[in-house]
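S.K.: The task is simple: from the sequences and hints, build the whole structure.
Here is what each chain is made of, one letter per residue.
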Amino acid sequence: MTQSQKSKIMDKSKFFEGLDNDMDIVNAVVEAFIESHEQVLADINQAISEKNPKKLEHSAHTLKGSMKALYANQGIIMTEKLEQMGRSHTLEGAKQIFSQLQAYLPVLLEELQQLEKAA
Amino acid sequence: MTKPKILIVDDDEVLSLALSLGLKKKNFCTQVLTDGLQCLDFLTKENFDLVLLDIMFPNISGENVLLNIRKHFSPIELPVIMVTSKEEPKDIIACLSKGANDYLIKPVHLDIASARINTQLELLKLNKDNIRKSELEAIKAMVVTYNHEINNPLAIALGHLEEFQIDPKPDTLERVHGALLRIGDITQKIREVTKEEDISFAHYSKGTKMIKVR
Chain A
4 MTQSQKSKIM
14 DKSKFFEGLD
24 NDMDIVNAVV
34 EAFIESHEQV
44 LADINQAISE
54 KNPKKLEHSA
64 HTLKGSMKAL
74 YANQGIIMTE
84 KLEQMGRSHT
94 LEGAKQIFSQ
104 LQAYLPVLLE
114 ELQQLEKAA
Chain B
69 MTKPKILIVD
79 DDEVLSLALS
89 LGLKKKNFCT
99 QVLTDGLQCL
109 DFLTKENFDL
119 VLLDIMFPNI
129 SGENVLLNIR
139 KHFSPIELPV
149 IMVTSKEEPK
159 DIIACLSKGA
169 NDYLIKPVHL
179 DIASARINTQ
189 LELLKLNKDN
199 IRKSELEAIK
209 AMVVTYNHEI
219 NNPLAIALGH
229 LEEFQIDPKP
239 DTLERVHGAL
249 LRIGDITQKI
259 REVTKEEDIS
269 FAHYSKGTKM
279 IKVR
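Chains as they are written, first to last, in this note's numbering: chain A, 4 to 122; chain B, 69 to 282.
Simulated from the structure, these hints should not be mistaken for lab results. A virtual CB, placed ideally from N, CA and C, is assigned to each residue, including glycine. A few of these clues could be false.
Said to hold, decoys possible - So the derived label-pair ranges between C-beta atoms look like this: (1) Gln116(A) to Leu108(B): 36 to 42 angstroms; (2) Glu34(A) to Ile173(B): 22 to 28 angstroms; (3) Glu41(A) to Ile173(B): 25 to 31 angstroms; (4) Glu260(B) to Arg90(A): 57 to 63 angstroms; (5) Thr93(A) to Glu114(B): 40 to 46 angstroms; (6) Ala106(A) to Leu105(B): 32 to 38 angstroms; (7) Glu41(A) to Leu204(B): 57 to 63 angstroms; (8) Arg90(A) to Lys93(B): 31 to 37 angstroms; (9) Lys57(A) to Ala162(B): 18 to 24 angstroms; (10) Gln116(A) to Glu145(B): 44 to 50 angstroms; (11) Glu53(A) to Lys196(B): 46 to 52 angstroms; (12) Glu20(A) to Gln99(B): 23 to 29 angstroms; (13) Glu34(A) to Gln106(B): 20 to 26 angstroms.
To be verified - Keeping only pairs whose Cα atoms sit at most 30 angstroms apart, straight-line, the calculated DSSO-like set for lysine-lysine is: (14) Lys84(A) to Lys158(B); (15) Lys154(B) to Lys98(A); (16) Lys92(B) to Lys15(A); (17) Lys58(A) to Lys139(B); (18) Lys17(A) to Lys158(B); (19) Lys17(A) to Lys94(B); (20) Lys94(B) to Lys15(A); (21) Lys17(A) to Lys71(B); (22) Lys54(A) to Lys154(B); (23) Lys158(B) to Lys57(A).
M.R.: Structural data, given as structure tokens:
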């Protein structure tokens with residue numbers, strides 16, 4: 004993966020800067036995301052399966068907040084789209100974006116795990 | 069010095085953890101609450117200096133949590149800073165018009181959060197200092213007023229009492245009685261003034277104020 008592709012996954016310098024370049028906080032935040040993301044992802048999946056726009060809006064909004072905290076740019080865009088779909092009650096194409104999100108998350112997690120190791 | 073107590077109300081575990089740890093390192097005392105519905109209950113049981121409030125919860129909107137808080141605490145008693153992913157001016161204006169003191173856009177930069185929190189806490193302190201100054205001014209003015217009001221009839225009563233000792237006439241004693249009744253009226257007014265919510269001041273002498281006694 005090229006450096007420019009990696010920078011699209013997450014903006015590490017902004018992530019560090021936003022957390023005062025404090026590696027204790029960086030690690031704790033990474034850990035919290037690793038532990039919590041699966042449940043939110045499951046909520047999004049369930050909302051799409053149940054065709055529940057309110058639930059989709061909320062769960063996508065929650066994951067978007069985490070993505071923003073990590074400066075995970077692609078993740079922000081995808082969760083934003085899902086949230087918007089929930090808000091406008093138009094779930095068409097939601098499954099597709101969810102699949103993209105599922106494919107993106109392991110790459111993001113790998114990046115985050117490397118950050119932990121480097122610390 | 070006690071650390072300012074900040075309540076973070078956000079169901080996003082990642083963001084609330086980042087804020088909580090970051091603010092602790094900046095000398096704040098923090099507590100995290102993930103359920104907006106519990107927020108008011110929490111605030112009535114424990115004292116906090118400021119609330120960082122998310123705008124969206126599964127079972128209630130942050131705006132409604134804010135409205136509930138404002139039924140019990142004014143913006144100068146308990147500042148609330150909304151923490152939001154919503155960047156639309158209409159969302160921000162809606163929160164400010166419902167009583168939010170400020171807002172922070174996610175992702176939250178720790179230095180910006182800390183600076184905004186400190187601004188609100190400084191305003192809170194200035195407001196408390198002003199209230200204390202006004203209260204002190206009212207007490208001083210009250211002492212000056214009633215010292216003056218009581219001294220006059222007291223001097224009259226004492227004068228007539230001395231006069232009565234030399235020449236005990238009934239009308240002299242009546243004047244003493246009248247002066248004492250005047251003191252009685254004044255103590256009644258003191259009781260009434262303590263119940264007043266709005267007190268007006270008048271200048272008595274240079275640098276000294278008096279309360280206007282009706």
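S.K.: For this structure, which hints from the list above don't hold up?
M.R.: Violated hints: none at all, because every hint is consistent with the structure.
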